[in-house]
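J.: Sequence:
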Amino acid sequence: MQHEIWIANKYVSNPSTDSGKTRIPVLQVKNPDSTICEAISNDNKSEILARTFFPHPPPTSSVPKDFEYPDPATPFTPITMEHIEQAISNTSPYKAPGPDRLCNIIFKCNSGQLTPYLLYIFRAVFTLKTYYEPWRDFTTVVLHKPGKADYSAPKAY
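Just so it is clear: in the sequence shown, position 110 is 132 by my numbering, and no numbers are missing.
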């Protein structure tokens with residue numbers, strides 16, 4: 023935990039840019055016609071980073087239309103308490119929470135109480151072959167990759 027605190031301190035202690043509004047400098051991207059576009063506002067930077075991190079899927083699938091998938095290598099086994107406990111133990115406790123604002127540390131500190139309930143929820147997901155719509159939402163935290171020479175490139179984050 024002490025290590026994470028020092029990393030967080032390093033991020034917030036670095037001098038800010040963009041008039042203190044954000045720590046992301048002006049971003050530059052090459053347009054299809056080879057001209058350079060600069061993103062100065064936070065809204066423009068957000069759009070460019072979103073396009074960089076999450077490009078649009080190709081217009082057509084690369085999988086042939088009548089592709090025959092092989093049989094599964096192993097049979098499906100229902101989720102167990104051990105699966106959930108293992109997943110919880112493998113999470114980083116202080117990662118940024120998602121839209122539900124639940125931090126991993128909550129699950130780590132309360133796994134004994136939560137695991138039986140989570141087991142019923144996840145088994146229902148597989149049994150009913152459904153996926154709870156809010157689980158599709160996520161939060162992306164943009165951090166610069168350490169040691170990059172040029173942070174005006176979106177891929178430096």
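Errors might be hidden in some of the hints.
Stated by the list, open to error - In silico BS3-like cross-links for lysine-lysine, where the CA-CA straight-line distance does not exceed 30 Å:
hint, residue 1, residue 2
1, 151, 130
2, 117, 130
3, 52, 177
4, 87, 177
5, 167, 52
6, 167, 130
7, 151, 52
8, 130, 87
9, 177, 167
10, 130, 52
Hint data in this document are derived by calculation from the structure and do not stem from the laboratory.
J.: So if I understand the rule, the pair passes when the alpha-carbon distance is 30 Å or less; does residue 167 with residue 130 pass?
T.: Holds, at roughly 28 Å.
J.: Is the straight-line distance between the alpha-carbon of residue 52 and that of residue 177 30 Å or less?
T.: holds (12 Å)
J.: Given the hint that residue 117 pairs with residue 130, test it: the Cα-Cα distance must not exceed 30 Å.
T.: holds (12 Å)
J.: Verify the proposed pairing of residue 151 with residue 130, using a straight-line Cα cut of 30 Å.
T.: holds (27 Å)
J.: Holds or violated: residue 130 with residue 52, Cα cutoff 30 Å?
T.: violated (44 Å)
J.: Starting from residue 177, check that the Cα of residue 167 is at most 30 Å away, please.
T.: holds (9 Å)
J.: Please verify whether residue 167 and residue 52 have alpha carbons no more than 30 Å apart.
T.: holds (20 Å)
J.: Check whether the Cα positions of residue 130 and residue 87 lie no farther apart than 30 Å.
T.: violated (44 Å)
J.: Verify the proposed pairing of residue 87 with residue 177, using a straight-line Cα cut of 30 Å.
T.: Not OK: residue 87 and residue 177 at ~34 Å, beyond 30 Å, violated.
J.: Hey, residue 151 versus residue 52, does the alpha-carbon distance stay inside 30 Å?
T.: violated (42 Å)
When each numbered hint is compared with the structure, violations occur for hints 4, 7, 8 and 10.
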